[in-house]
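Peer 1: For reference, the chains in residue letters:
There are 2 protein chains.
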Amino acid sequence: MTQAAATFARPQLADCIPDLVAFARGEKKATLYIRNGTLVNVVSGEILPHTSVAVVGTRIAYVGPDAPEMIGETTQVIDAEGKYIAPGLLDGHCHIESSMLSVTQFANAVLPLGTTGGFFDAHEISNVLGLPGLRIMLDEARQTPMAAYMQVASCVPSTNSMFETSGAEFGPAEVAEALTWGPDMIALGEVMNFPGVVYGDPKMIGEIQATLRAGRVVDGHYTWPVGDPRLAAYAAAGVSGDHECVTAEDVAARVRLGMYAKMRRGSAWHDVAATIKAHTEQGLDSRRMLLVSDDRICDSLKEEGHMNFIVRHAISQGVKPVTAFQMATINTAERFGVARDVGSVTPGTIADIILLDGNLADVNVVMTIARGDVVAKNGKMTIDLAPFPYPDYAVNSVKIAKTLAPSDFEIKTPIQSGTIKTRVAEVRENHVETEETFIDVAVREGKLQVTPESTLCKMALFERHGKTGGSAIGIVGNVGFHQPAAIAMTVAHDSHNLLVIGNDDVLMAKAANSVIEMQGGIAVAAQDSDLVKLPLRLAGLMSTEPYETVVNQSQEISQALVKAGCTMNYAFMTLSLLALVVIPTLHISDTGLIRISDAGFEKVSLFVDEA
Amino acid sequence: MTQAAATFARPQLADCIPDLVAFARGEKKATLYIRNGTLVNVVSGEILPHTSVAVVGTRIAYVGPDAPEMIGETTQVIDAEGKYIAPGLLDGHCHIESSMLSVTQFANAVLPLGTTGGFFDAHEISNVLGLPGLRIMLDEARQTPMAAYMQVASCVPSTNSMFETSGAEFGPAEVAEALTWGPDMIALGEVMNFPGVVYGDPKMIGEIQATLRAGRVVDGHYTWPVGDPRLAAYAAAGVSGDHECVTAEDVAARVRLGMYAKMRRGSAWHDVAATIKAHTEQGLDSRRMLLVSDDRICDSLKEEGHMNFIVRHAISQGVKPVTAFQMATINTAERFGVARDVGSVTPGTIADIILLDGNLADVNVVMTIARGDVVAKNGKMTIDLAPFPYPDYAVNSVKIAKTLAPSDFEIKTPIQSGTIKTRVAEVRENHVETEETFIDVAVREGKLQVTPESTLCKMALFERHGKTGGSAIGIVGNVGFHQPAAIAMTVAHDSHNLLVIGNDDVLMAKAANSVIEMQGGIAVAAQDSDLVKLPLRLAGLMSTEPYETVVNQSQEISQALVKAGCTMNYAFMTLSLLALVVIPTLHISDTGLIRISDAGFEKVSLFVDEA
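Note that the protein sequences, when read in sequence, are chains B and P.
Here the numbering used here runs 1 ahead of the position in the first sequence, where the first position is 1.
Here the numbering used here runs 1 ahead of the position in the second sequence, where the first position is 1.
Here chain B stands alone, though its shape is the one from the complex:
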């Protein structure tokens, strides 16, 4: 444990009441006073002009007509000049690791965009470093002004050691322990082992029970089609939120069963346009609908935005603006039981406030106030966040001792020549799932021939937690490389072993060795090009560099991929899911190829015997 003494840096309301009533008596003046804005009131669902807000310390003391008597000599007065005043935006489901930024740099990225808080599932670092990794995220978050609530990941590993090797394992005891760390340990993270819940896996049931007994909520991840009783069983077992909705019917089914349906707009998974129709077309009550990012790479934080972009996008799909704001503020806060503290601009809540200019539908954030302080203006941070001191083990987590050779990427076949029917995982742009196909692939000298001409790539996975030293290899389609190329990365959901994808054994070895040498990150190797590298030193997942640096490096990776022929939107993110065995349909782990079906998980062979 690092920094075990750190506590949630947002005081409880009970402790603020003396100051708030001293203010009511007139004995204290506001520390911050916002005059004459147009309030986006997410509780009443109204837009209320001529509204002023007084803040005392960290909390809102007053909302109403201008009350200049609340201003004292030291009060910071902001004249909103009619601009919109709205609650800071909340991300109802987000993996900070997907941004490849540290928590501190994530805060630097999203605070100017109006995101003042989120419900973060540090699932990735937990898979690599276990509870100490989660604790690092929590402690680093506590150094930021964000309302950063952390979830304890439920599926570490996402399946079990039969199917994959992770750096740590969580069970009910780890969940119970993590939930004692503070009020900002808010929930059990997405329970991806939904078959385990529905059919009563004792570990999953135990984790859910530990969470409910701690008075916290359980988030879900359910990908079976709706329409049979299993979703109801999942809900009955205590899972009360889910972001794996890809159709309006998915949303409707969840809301009807009392769950919070989270509508996702990640960098590469674009579900809001379809899912929002549960409200805009089917007319369902929106109170249990949330907008979430799930996974947004730093590039898209820069290019598109964060919750500001997602709220704007929802409005563009026909949602009333105030309703879209509700989906990223009060609905989210209510889902996690913290509406007393965040999610609305109302007396007694913490002063997480944004000002917006122009049309509300444009969600043009021009000022961000977090915990009572102005932290960003006109898209720029106005305060500096201190760097977090990472322990050594957190920045030296790639435990592969040997240098990989091109021969490590050869695939031996049961035949010497001809073609062999091969199981292929086809990636799909902007989708998390793969498609399983079967392709006849050429064989020469007992080895599978995967070349740029074949349009296929190899995918190889090497255990990197210093445990089994195991590896596996398979075939992936639709990557798009039209020249010899390879990408290696330690971001490989969810066990984050070393994943290498390519159509040239030499380049695959080169990229892989580069990532090992960097102690984590991404490297793209292509013929006649320099290696392009993005170091991700923190657990092999996150950069320790500033936001802008990481964006530049990430864009270079993307450009290198495009140059090699891989033109998918945020291709890296889609490729990094090739090891995520809990998503349909076919994936790779260090133990082999894993297929998900209605029956659950199964190991399958690369070659299909047609006999």
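Take every hint as true, because none was put in to throw you off.
Any copy will do: because identical chains look the same in the list, a pair fits if it lies in one copy or spans two.
Listed below are the simulated DSSO-like cross-link pairs for lysine-lysine, each with C-alpha atoms no more than 27 Å apart in a straight line: (1) Lys413 <-> Lys448; (2) Lys564 <-> Lys303; (3) Lys278 <-> Lys321; (4) Lys448 <-> Lys511; (5) Lys204 <-> Lys30; (6) Lys204 <-> Lys29.
In short, the hints are calculated from the structure, not lab data.
Quick caveat, the model's predicted, so the values are computed rather than measured.
On the provided structure of chain B, position chain P as indicated by the hints.
Peer 2: Just chain P now, kept in the frame of chain B:
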């Protein structure tokens, strides 16, 4: 403490999950199965035909299309035949004592009407018996099938010993203790001392802090007009719900500040028709609007109904039926943080379900299921509730040793004859507040002449908790007695001393002595009539008799009042508030006449010196 070992009789979800997943696996069959109803889905806001519900033990395991495979040999199957299936109704603010029924008899009264739970503020018994009284209510509630959540009263007494003498005093320590009794100790009851909150009374602030630190919510009671910063101060101090809304603007002001606005339809306070316009006319989001009863005497439970009546009434005022149901189910559950357990028919919640026949707008409840069992059909209970064993102190609480004489009701004047300007509390039908007027009253032989001809009555109050033995006397207008008559009662909010109202000293003494002799209750004495009595043995507030008996006795009291000329709607309830000093404007306590003004509480004299 009685029955200290009793616990909340509703198992936590965590403990039910093993059964729920065993059911999902098909290893268990439903204990109760409701086939083919039309679901009032208060989460999605939809009416969904062809819906079936499976219950396993106490909780709902499945909601969806007919699934006959869930039915086993011992399953109780109910064919809904298309009837509406809705969540059991919840009363978001209710004093059971006002029904004059014990908790058990209250359950017998309201379960057939579709109320399966409530948030009960046992404020009255707490004022008489202190924490042991609250514990009796809690333990008795735990014997019923209701989701009976109890609040710990915040204002015991409603002001302080300078203004009134109660049987007990609560402070932060008592609040903290009561909130440790179980998860059904849900909130701090209505904080009537709102000036104390706004201006920082340490006791009130301490109670609120103790409540928030226990993870519970604070209910309010704020009667100052909205439109100045004090309501925001009250909200900032942690008070998050309030039922003292009498206009649509009252509701709007509270919701805009993030509070839950409770719209009341008590027996004698009819606020819904006006307050509901905040939604029906002003269009405010209804998610933080609740329907509540506050105080309903047993007669009106019988004649009108309980939450079924209030929901029907709200619909008649233009609220969409499913929205009105939300206001008495999920909104209420969310307000108190228990939507995981009650307030919707969704998997994992406790099976508190009602079936309704005919038009939904008629709220015609034909079956009530509580905690997974059918408890009422066609307006009648189908199970017997065991009587609760009250300790002796709870049924012997009227500590007035002496017999009162007619002379105890004389009012001496500073003049010997003529008229004297007298301060009068005018009661108003269907309103909780009194009006203060000044009337010239005749004086003869140094005594105020209050006779049937004067249209005024005396009101006398005698301390009955065995503490000070104090008493006071004042004048009340608009009671309506047109013949010599008197009513005496130990229901006299909130300290529940002995209140006697009448225009004849002999009859006042007669009624008062009868109540003392009964050890609590109500008695009406009129010329040429027998005394009419309603014994309220439990704390002088509640009957220990069956519901029907109490209704009959209460109706006899009403008839006796009408016969004497007091024709106000539920006159007894309005009269019983004449000692409630926290309500505007003029009231009586054992310490004298108390007036509430913008400045707070003050003692005032009966006679006004015009010099």
